[in-house]
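J.: Chains as they are written, first to last, in this note's numbering: chain A, 23 to 355; chain B, 284 to 713.
Since the hints were made in silico from the structure, they are not lab data.
If you're wondering where the values come from, they're calculated on a predicted model, not measured in any experiment.
The beta carbon of each residue, even a glycine, is placed where N, CA and C say it ideally should be.
Just so you know, not all the hints are guaranteed correct.
Estimated spans, in silico, between C-beta atoms of each pair [stated by the list, open to error]:
#1 B/659 x A/186: 17 to 27 Å
#2 A/62 x B/430: 25 to 35 Å
#3 B/711 x A/350: 52 to 62 Å
#4 A/211 x B/635: 31 to 41 Å
#5 B/535 x A/346: 13 to 23 Å
#6 A/215 x B/592: 22 to 32 Å
#7 A/289 x B/536: 33 to 43 Å
#8 B/505 x A/318: 32 to 42 Å
#9 B/557 x A/77: 34 to 44 Å
#10 B/536 x A/186: 25 to 35 Å
#11 A/135 x B/601: 45 to 55 Å
The chain contents come next:
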Amino acid sequence: MKKIYFPLVFLVFFSVFGYAYGQLDSIMGKSSNIITLSYTPKFPGALQSTTVNASSFQVNLDKTTITWYVDGQMKLTGLGKKSFTFTTGNVGNQSVIKISADAPSFGNITKEVTITPTDLDVLWEADTYVPPFYKGKALPSSQGSVRVVPFPSFVGQDGYYNSSNLVYKWKAGYFGNPNDSGYGKNIFIYKTGYTYNTDQIEVTVSTLDTGLSISKKVPIYVSEPKIVFYQNKPLEGMRFENSLGEAFRFTDKELTVRAAPFYFALPGLNNNTASFSWKIDGKKLETDPDNKTEFTFRKPEQGSGRFQLNLAINNLGYDLQTASKNVMMSYDN
Amino acid sequence: MSKKQLYIIVGIFAIITIGFFLASFILTRGGNNTPKETGQEPNGFFPFGNSDSTKVNPNGTSPSGNVINNNSDIPAYVGNKDLPILRQVTKNAVAGSYATQKSGKEYVNYVEKETGNVFETRLEDMQTNRISHSIMPRIYEAQFANSGRSVVMRYLKSKGETISTFVLDIPRAGALSSDNATTSASVPNGRFLPPDIADLKVSADEKTAFYLTRTGEFSNRNSFGSIFNFEKNSGSQVFQSPFSEWLPVAVNSKNVLLQTKASQNVPGFLYSFDIKSGVLKKILGDKKGLTTLPSTDGQRILYSESTKGGLTLGIHNISNNTTVNLILQTLPEKCAWKSDSLTIYCAAPQNLPGTAYPDAWYQGTVSFSDNLWQVDANTGKSVVILVPSSFTVELMDMTSLVISPLQDFIYFTNKKDSSLWAFEVHKAEA
């Protein structure tokens, strides 16, 4: 019998205590522990749909009339309305979510939670070549370097947090990078995998004092380098607006072709270890080491004809950083 | 000494004297020079000193009959009041254009790529006037500023990898200011901005320009943004970032809108940088291949997003965070907002080739054949207002659209050859 008494006494004690505590909360016009509020996502961003859930071990919320308020304004009311979805404000704009539940045994119970939207963008850039004036993004290629830079938006009482004063935790693929992580370490540099791989880089950013934290994972796709031919006109200059395409007919006496080695990891167009192999109809042309990317062709004074121009680039020291491009050049007089 | 010998000596002396004066005349007249980046005021390099601007007839010839541009195959417009609503302003490639008006008449100014000369064309009769004689060949990009009194010219230096940026001041007294064709002397002035400016955008009020430079090796690279004031002729740094692939898409006295450089499979972002507080606030984000064009009042963003092999276009309203989706498949770089921020003109390809956008269009590996559309920014309703093939055999890949101050014309560059065109939009709308 003693074995039965102990749990029974335990249950009665806590039931009475819980009821008394609930009544006390009701009398005081607030309730701190009878109802729990939780929300998803865990760290809501700006203008993001966020769901707040109410739960209780003591009150049957399914049989309770629940009213939801956002910043003091009633938004939802009804029997058993245990969850409520709203859109957060801009970064740093707090939303106070309050619940009011009329529980038969406990009277009116209230609970509120303050949600402060945070935000995290993760930008990255590759150390690869794109031509001057190019408006597009330089893409990473095999075994090239990539810099990842997070832009967290945390707002505290003194305004936006300085990104240098936050704690960063980096992870590349499945592996954490403790040496690159820590206070103020807001830049992560790594070498990409091979072509067609997608590198997964994850960063968690936290404040030192307020417990705000946010994580984001970004996929970084490893591209193939490529060659694009352009015309370099004597007076007009580079015609980056239009590439030469698969076939090109030249009418001027001279034609200067510039090769743009897109997405190759090159410190400079001429100051590099890459081999530039130019060929006309399969015959190799001698390359000017000070001008590896350009060739000038003179049209024969008579007749017509065509020839195939080929350029192959092999970036030594980088596996799979190779590309080849053909263009059929035709002329007549 | 015989008379014959005397005649020979006098003759030789006369020939030498004439030759001397002829050589002096040619040398003092001076050749045109390209300015050099010496860090000094390059005034001496600009042979602006001619007492008149060269007047160019619409058929591309100067009054003396010398051909000074290649407009000779453009129909003669003088005296013809029934001009076509789609007109080729230049056959030569232009680096940038600027719309202006004087006494209720529309003008377009432009920089010729081959010479760096600045021209001005009056649209009512297509009369063209050269307002700068300075030779700066191989200009890639030009932006007018300071009410058209300055031009920011950008070009590649000889090795072809370093960008030079020169601010040329144009004294407007030398421009075609009235029906009177005579022009007065203009004094040249200009200055170089720092070398290797990655990108530059003139502000909406044209008083300043925001430009980006970057320093350091890749591992410790930093990007710096500076504001250059055309009147004060000075610049100051206002922005610093460990990320460097920014494009300034709009500038005013308070904010700079910075877009990340776009690629098809990479999420792009648009931020507003507050010049005073230094805070960077996101406006749009996580949209693959994002490219943007803010409205004149800054309240809406026309943006494109990449899809697999294509594009979508939409208008984002900043104040109420809503979006209007458009039926057009094109890039904001091919559009222009009207000053009321309610109407957009967009060039859109008749057929969009399936490839990676915007990368392929930026790289010039794909080219379009466009029609011109008018878009209601509130409803998204889009109407075709120009089918270029109805007027010309040339295919148009329109870019750099500019709406004239009186809203009568839309100027655009044909990306296929960088020629400048004018479309008389008010007649098409009527």
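J.: Please test the hint of 13 to 23 Å on the beta carbon pair from residue 535 of chain B and residue 346 of chain A.
T.: For residue 535 of chain B and residue 346 of chain A the Cβ distance comes to about 47 Å; the hint is violated.
J.: At the C-beta level, are residue 711 of chain B and residue 350 of chain A separated by a distance inside 52 to 62 Å?
T.: 41 Å, violated
J.: For the pair residue 536 of chain B and residue 186 of chain A, does the Cβ-Cβ distance stay inside 25 to 35 Å?
T.: Check passed, 28 Å falls within 25 to 35 Å.
J.: Note whether the CB distance of residue 215 of chain A and residue 592 of chain B lies within 22 to 32 Å or breaks it.
T.: 25 Å, holds
J.: Can you let me know if the beta-carbon spacing of residue 289 of chain A and residue 536 of chain B is within 33 to 43 Å?
T.: 39 Å, holds
J.: Does the Cβ-Cβ separation between residue 135 of chain A and residue 601 of chain B fall within 45 to 55 Å?
T.: 29 Å, violated
J.: Regarding residue 211 of chain A and residue 635 of chain B, is the given constraint of 31 to 41 Å on their beta-carbon distance met?
T.: 37 Å, holds
J.: Just tell me: holds or violated, for the beta carbon distance of residue 62 of chain A and residue 430 of chain B against 25 to 35 Å?
T.: Since residue 62 of chain A and residue 430 of chain B have Cβ atoms about 54 Å apart, the given range 25 to 35 Å is violated.
J.: Could one say that the CB atoms of residue 659 of chain B and residue 186 of chain A fall in the range 17 to 27 Å?
T.: 45 Å, violated
J.: Could you check the hint for me, namely that residue 505 of chain B and residue 318 of chain A are 32 to 42 Å apart, CB to CB?
T.: 38 Å, holds
J.: For the hint 34 to 44 Å, verify it against the beta carbon of residue 557 of chain B and that of residue 77 of chain A.
T.: Holds - the Cβ-Cβ distance for residue 557 of chain B and residue 77 of chain A, about 42 Å, lies within 34 to 44 Å.
In terms of the numbered hints stated before, the structure departs from hints 1, 2, 3, 5 and 11, listed from lowest to highest.
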